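Note that the protein sequences, when read in sequence, are chains A and B.
Each residue of the first sequence is one higher than the last, beginning at 5 in our numbering.
Each residue of the second sequence is one higher than the last, beginning at 786 in our numbering.
It is worth saying that the hints were derived from the structure and are not from the lab.
There could be a bad hint or two in this list.
Covered by chain A, according to a simulated footprint, are these stretches of chain B (three or more residues, beta-carbon under 8 Å) [said to hold, decoys possible]:
#1 1101-1108
#2 1180-1189
Ranges of calculated distance between the beta carbons of each label pair, as one might list FRET restraints [to be verified]:
#3 A/T172 <-> B/P1156: 27 to 33 Å
#4 A/P36 <-> B/E1119: 47 to 53 Å
#5 A/R38 <-> B/D810: 33 to 39 Å
#6 A/A30 <-> B/E982: 37 to 43 Å
#7 B/E1157 <-> A/T172: 27 to 33 Å
#8 A/G128 <-> B/E1121: 58 to 64 Å
#9 A/D185 <-> B/R870: 48 to 54 Å
#10 A/E21 <-> B/R901: 52 to 58 Å
#11 A/T261 <-> B/A1240: 19 to 25 Å
#12 A/T172 <-> B/G1238: 29 to 35 Å
#13 A/D315 <-> B/T985: 22 to 28 Å
#14 A/E37 <-> B/G1238: 52 to 58 Å
#15 A/D315 <-> B/D810: 51 to 57 Å
All values derive from a computational prediction rather than experimental measurement.
Ideal Cβ positions, reconstructed from N, Cα and C, are used throughout, including at glycine.
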Amino acid sequence: MRPASIEEAAALLRDCERPVRPVGGATKPWLPERGEEPLETGGLSRILEHNVGDFTAVLEAGVPFAAAQEAFAAHGQRLSWDPPDPGGATIGGIVATADSGPLRHRYGGVRDLIVGATVVLSDGTVAKSGGKVIKNVAGYDLAKLFAGSFGTLGLIASVAVRLHPLPTNTASVCERFDDPDALLARVLELARRPLEADCFDVVWEGGEGRLLLQFSGASAADQAERIGARAEVDWGAVRALQRTTEGAVLKVSGRPTDLPAVIRAAGDGTVVSRAALGLSWVRVPFERVADVRQALSPRACTVLDGAARVDEQWPDPPALAVMQRLKARFDPSRIFRPGVFVGGI
Amino acid sequence: MDGRVEAAPEGPAKVEEAPREAPRDISALVAELRRIVGDEWVYTAEHQLRTYESDGLLQYHATPACAVLPGTADEVQACVRACAREQVSWVARGAGSGLSGGALPVEDGVLLVLSRMKRILEIDLDNGRVCVEPGVTNANVSAAVGPEFFYPPDPSSQIVCSIGGNVAENSGGAHCFKYGFTTNYVTGLEIVLADGERITVGGYELDPPGYDLLGAFVGSEGTLGVATKIWLRVVPSPETVKTLVAFFDSTHAAGEAVSEIVQSGVVPGAIEMMDARSIEASEQMANAGYPVGRAAALLVELDGSQHECEARFDDVVAICERCGSDDVRVARDEAERQLFWKTRKAAFPAMGRISPNYFVQDGVIPRTKLPEVLERIEALAREYDMIVANVFHAGDGNLHPLVCYDGDKPGDAERAEELSGKIIDACLEAGGSITGEHGVGVDKKKHMPKMFGEADLDAFQRLRCSFDPAGLANPGKLMPTPRLCGEVPGPYRQHPLEAAGLAERF
Chain A
5 MRPASIEEAA
15 ALLRDCERPV
25 RPVGGATKPW
35 LPERGEEPLE
45 TGGLSRILEH
55 NVGDFTAVLE
65 AGVPFAAAQE
75 AFAAHGQRLS
85 WDPPDPGGAT
95 IGGIVATADS
105 GPLRHRYGGV
115 RDLIVGATVV
125 LSDGTVAKSG
135 GKVIKNVAGY
145 DLAKLFAGSF
155 GTLGLIASVA
165 VRLHPLPTNT
175 ASVCERFDDP
185 DALLARVLEL
195 ARRPLEADCF
205 DVVWEGGEGR
215 LLLQFSGASA
225 ADQAERIGAR
235 AEVDWGAVRA
245 LQRTTEGAVL
255 KVSGRPTDLP
265 AVIRAAGDGT
275 VVSRAALGLS
285 WVRVPFERVA
295 DVRQALSPRA
305 CTVLDGAARV
315 DEQWPDPPAL
325 AVMQRLKARF
335 DPSRIFRPGV
345 FVGGI
Chain B
786 MDGRVEAAPE
796 GPAKVEEAPR
806 EAPRDISALV
816 AELRRIVGDE
826 WVYTAEHQLR
836 TYESDGLLQY
846 HATPACAVLP
856 GTADEVQACV
866 RACAREQVSW
876 VARGAGSGLS
886 GGALPVEDGV
896 LLVLSRMKRI
906 LEIDLDNGRV
916 CVEPGVTNAN
926 VSAAVGPEFF
936 YPPDPSSQIV
946 CSIGGNVAEN
956 SGGAHCFKYG
966 FTTNYVTGLE
976 IVLADGERIT
986 VGGYELDPPG
996 YDLLGAFVGS
1006 EGTLGVATKI
1016 WLRVVPSPET
1026 VKTLVAFFDS
1036 THAAGEAVSE
1046 IVQSGVVPGA
1056 IEMMDARSIE
1066 ASEQMANAGY
1076 PVGRAAALLV
1086 ELDGSQHECE
1096 ARFDDVVAIC
1106 ERCGSDDVRV
1116 ARDEAERQLF
1126 WKTRKAAFPA
1136 MGRISPNYFV
1146 QDGVIPRTKL
1156 PEVLERIEAL
1166 AREYDMIVAN
1176 VFHAGDGNLH
1186 PLVCYDGDKP
1196 GDAERAEELS
1206 GKIIDACLEA
1216 GGSITGEHGV
1226 GVDKKKHMPK
1236 MFGEADLDAF
1246 QRLRCSFDPA
1256 GLANPGKLMP
1266 TPRLCGEVPG
1276 PYRQHPLEAA
1286 GLAERF
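Just chain B, with the same shape it has in the complex (with noise of 0.2 Å):
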């Protein structure tokens, strides 16, 4: 996930994409879900709700039937399995900083909020591990275990994300080009499924025997179950730190720097790069010195053994030097590193101040394919006459277009929206994704059968159907269109021939 849009678009509603229960009076399960948390922790007032109406996708927006916020697992385990009693759907939310409507309510189902779990549970550093409940923080799991150790995903909402929110989503981040993804990170999960079940996956050990349920688990944007426990797998921090912001004349100069210093077997801890638009949207805000007016800023940090940072950051240089670079700035110290980032994460917010609306994609090519689909964003951006600045996290081919607007011109949205799309086609095209880190949620529904065949989509709705059969967590998520699970094979009964060895079942 990257940060919260501030500038987040009124834009084209979409309410009607909005999973719905079937109007009903569901006051009993109300009512039970008040005896399970307490009174005070179930929110059914129109004021209240509107707290939860949209994630960090402003544009999409629901009323659920009621939040409710579990302060245990065991409590989360009871409201789950009322819910299951009764048929009725429900989301888990964690902090609400998603970029994909991942946890958009369903319209009269239940909100599970799970940011009165906050706590960290244990800190084991000899083994590398520490257990926090869902609605931790991302930045308080490496506070925790700071400054000895860290937790290296890092989504550049990581002030406010929670864990839960990360696992749901696969979390990325700035460092994961070299550092990986939630995914390689989550070593445990408490899960409490749909049907109410609570189960237990891993924990402090790796490879549990069996099928890789945590791989499958993160990820899954919280439509097989909910985790109410997570044991993740902390690192020791770097040694050292090495920092430098370049300055191209073109962004397919920057784009050849790039793949030359990951040709060269550096793997810096980041690269990013920012295009025009975007150093000078930044700089206004967080006055940095940049030159505005240059064609593109990469942001290179190596990390890791002082000698081998050392070694290779002189190496650095000379590539973007040799691609064109003839302003070359190197952090001589921490907040000299902090504003150079500063600037970096500036670009969404402000987006804002120079466009009153934009869309904030989030496709992914093969990195050698950056000159040609920015030449291909370019020519989108003129032939439809609007603004699209572009962030990167350049070392994984991960674009963030900004597809700028203006929510009160009649028609601006809708063109943007459009416009956003053939991004993603463009990116599609290149041998890409259509998310690299937002998540599918509803937002990315409609562009999954581009990237996925209906086989494809029929083996991932077995995999849904394995956790949630009844299809109650999350509905109207991540897949394009609801689909049913259908007859469960009958349970297996082995013969007893086959168990006395003497016969195979045939």
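Here chain A stands alone, though its shape is the one from the complex (with noise of 0.2 Å):
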């Protein structure tokens, strides 16, 4: 199925009987496929708006990340968002995989940017919540409930976004370390202080750690150069860190202060991580999930990368009957995915 308009996605769903598997750039393998049939967002790629002076976009979910951002850039603006994308993400992959790259340590993740979403259940209804202004409390916010359900609950089918100025001038700080503890103090003494840094990364490889901030504004080189020497940092390998095609990628929601523990437990793996928001990404050969995960508990580990070749891609989740009540509430007819999200749902 490859609908060209959101109302021929309605037709389409509201006859459809078999499971169905939303597809944008297909760059995020990590549901396993059980033979759903793909519904490609493809069709759906216009940029329904760009207000260039609210500051807002209206997208359809196929419109590539990097053609959006590039029409964004065109203007000085960007969408701050920053997953690692080996090419063709879509909009809509990112929202319902709730991907994210080191941005968000200033800008926050998918559900902190989307101000409104257009949704598509299984029974043809066309819901939108939200709107395009970016202050907004009318009605509940569906759109977050949206971001990160991995496709299980419905097809996204537009997304109303924030926006932001694409900065004239960055300046990046790289210190290097090969103590996770030493590392840790120096991020918490740096977590503690007002320093308004874009991005605030760690990351582990080959026995030694690296610090890497970057900031922004006029002023980037001062407020580098005060935490210390400038240094030229590939962000495109920090983010691509978080992919792998070869071992598995945990996703660690842990603390800020968890980081040595995080670091020890990857081994000979490798580790990136927003360091002040204590989210990690692990990177390990598979059968070394099993002993990572147990390390970390009872912090939650999602494999992402490589889950199809592990026996347990979810941890438990919170409140499993809510959630179990919201699929059957938005998907009654179970088409979405089923049997492949948290729980079994």
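Combine the two chains into a complex, taking the hints into account.
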């Protein structure tokens, strides 16, 4: 199925009895496939609005992320999401997986910049929530509910997002560590200062750690130099450490103070951490997934890349009964990727 | 939310809109509530209940059968469970400073007052977290972690409003253009659902697995359950703050300055605008030396790193001057900055001095539509021959027009309400929203169908039913008309073949 409009998507779904799998750029194979029929969003690829003066945009799900950023950059703006994009990632896919990159430190995640959404449910209902203004509390915030729902509640057809100015200056700092505890001490010291960094990441690979910060704005260089010597940082390479085609990537929902434990649990693997947020991506061979989980228990560790090769992709979710009811209410015919999400949803 | 409306209108009474429990004898329930929390924390006498008959929006009032003040999460859970058993509706209430009638009691239902639950449970600044009970005031969260850290969402009522209420309403404030809203700061919730179950979602850590229940719950106006424990992200206090007030000859010119500031790449901590009426009223109360008669005042605050603030502040001054301001006043010290803010925050109460009553509106528009919407509001005010004063959170396009009227003049309140509704229509026509921070409650219910279609409301109801299928938590709020949840699809059972991976479920 490849609807060319939201209305067509609704018509297709209304008559659909087979399980379906919304697909954008197919860059994040994080849920096992069970023969669901692909529901491709490639025909929903319009930038419906770019309200330059208002710093907002309305985008259909199939808009390639890179194309959207290019359109915004032409007006000196950006959508402050920067998940790893091996090429072809779409807005819908990023929203469905709530994927994020280093800019999350300053701008928040998908949930924090999405101000409205239009979704298509399995009975063909087309429902919108939120709006296209950056401040709005009318009605329930269904956009947040669908962000990170992995296509299991319905089709995310379009979203309204908040944009930010594209900085003209950036400056980065890199500090090196070989002791995880010393690294944590520095992270905590900096996290308590009002730095206003855009990015605040730790990378650990090959027994060595790097603390990486990026600043933007008129005084980016001054801000960076107050921390340490300026350095060229390849942020694309940092993001890329969140992905693998060989082993598994575990996303760890932790605390900043967990950092040494996460590094030790990773062993010979690599870690990239949004250090002040406590979120880490740990890349290890498949056979080490269980060890990492056990070492970091009770922190939630979700397997993203490589999920098809491990037994337990999802940690136990909180309030599973409520989530099951949400699934039952929004997708009563259970056609949106049944059985592959948390708790067998 | 913004400040309590001190000159709140008596207005057209809307008690008939308050949902009503079927009149029946709930003395057994009241007796059980007394057993749970102790006799002294259950109020049933008329004079005691009067305290709770309204929230900050005084034109709506209703009397519950009883008000119960639990002291712990266990007591809240036991009370909610008792209500569920008896199928009696209940409403959670924090400080009662909300401005949408969101905490309006259900006639003959139970009011759950959380003001006793005001303990700060944990502070962990290494991880940037604080865990509090729902009755803690917004200001006390910042006080508990200050001065090194602070809690950014700052509704004008922050001295009195409770965090539990902030969670229910997804409260904003003057600084949310830069810092975001309550929903961007809640990292965990312990919630008692309407069936009496207690769940914990998130906590210290971000991104708990599964659906974003925090995102769904924050801003749900007390209709999905009651939060008994709240984990919040707190952030380091900015190194420096610089504040100015610039005066303009037209709101149009001030609006231009706002656009240019934002376009230039500056993200100010706050940008607030007042029109001539608001300046005049506020000056009478705050005596800040503001030039009465000027058409618009723009308060701009930059905060953050010293370098960045200094680099940008001169830009902001230059933009204001270029857009026609010949009077830019920079706060020289903290005292002067406080005076600027006092004057801005005096706008609501000050209006009570020049008008016996007023309605406060809470519309949102795309910022670029500011000039045309302001012209529309002026035209409406002329047409109705009524005074409308304007204060805005200009950065995010959140307007608070104050529609002045005299409650003693027959028909005046009704006309003011009609005018107020037309202002909302103008916001919607401009692509905006019916509420930016006060919430829908009972007050904006009638406007919901203008913003959301039947299918949208149906989707909202699916969410509501997932949390509270019996519809006992704060019924009659947020949704324009009462709805039932209908059949719950039966629990899904996995087919053995499907479980074995041998077959799909078709």
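Verification of the hints:
1. 1101-1108: It is violated: at least three residues are needed, and the segment 1101-1108 of chain B offers just 0 whose Cβ sits closer than 8 Å to chain A.
2. 1180-1189: The restraint on the segment 1180-1189 of chain B holds, since 3 of its residues have a Cβ under 8 Å from chain A and three suffice.
3. A/T172 <-> B/P1156: 27 to 33 Å: The hint (27 to 33 Å, Cβ to Cβ) holds, given that A/T172 and B/P1156 are roughly 28 Å apart.
4. A/P36 <-> B/E1119: 47 to 53 Å: Since the Cβ atoms of A/P36 and B/E1119 sit about 58 Å apart, the hinted range of 47 to 53 Å is violated.
5. A/R38 <-> B/D810: 33 to 39 Å: violated, 54 Å
6. A/A30 <-> B/E982: 37 to 43 Å: Given a distance of about 39 Å, which is inside 37 to 43 Å, the answer is holds.
7. B/E1157 <-> A/T172: 27 to 33 Å: Hint holds: Cβ distance 31 Å, inside 27 to 33 Å.
8. A/G128 <-> B/E1121: 58 to 64 Å: holds, 60 Å
9. A/D185 <-> B/R870: 48 to 54 Å: The hint (48 to 54 Å, Cβ to Cβ) holds, given that A/D185 and B/R870 are roughly 53 Å apart.
10. A/E21 <-> B/R901: 52 to 58 Å: holds, 53 Å
11. A/T261 <-> B/A1240: 19 to 25 Å: At roughly 46 Å between Cβ atoms, B/A1240 and A/T261 fall outside 19 to 25 Å, so the hint is violated.
12. A/T172 <-> B/G1238: 29 to 35 Å: Between A/T172 and B/G1238, where Cβ atoms are some 42 Å apart, the hint is violated.
13. A/D315 <-> B/T985: 22 to 28 Å: Given range 22 to 28 Å: holds, Cβ gap about 26 Å.
14. A/E37 <-> B/G1238: 52 to 58 Å: Once the Cβ atoms are compared, 35 Å apart, the range 52 to 58 Å for B/G1238 and A/E37 is violated.
15. A/D315 <-> B/D810: 51 to 57 Å: With a Cβ separation near 56 Å, A/D315 and B/D810 satisfy 51 to 57 Å, so the hint holds.
In summary, the structure is inconsistent with hints 1, 4, 5, 11, 12 and 14 from the numbered list given earlier, while agreeing with the others.
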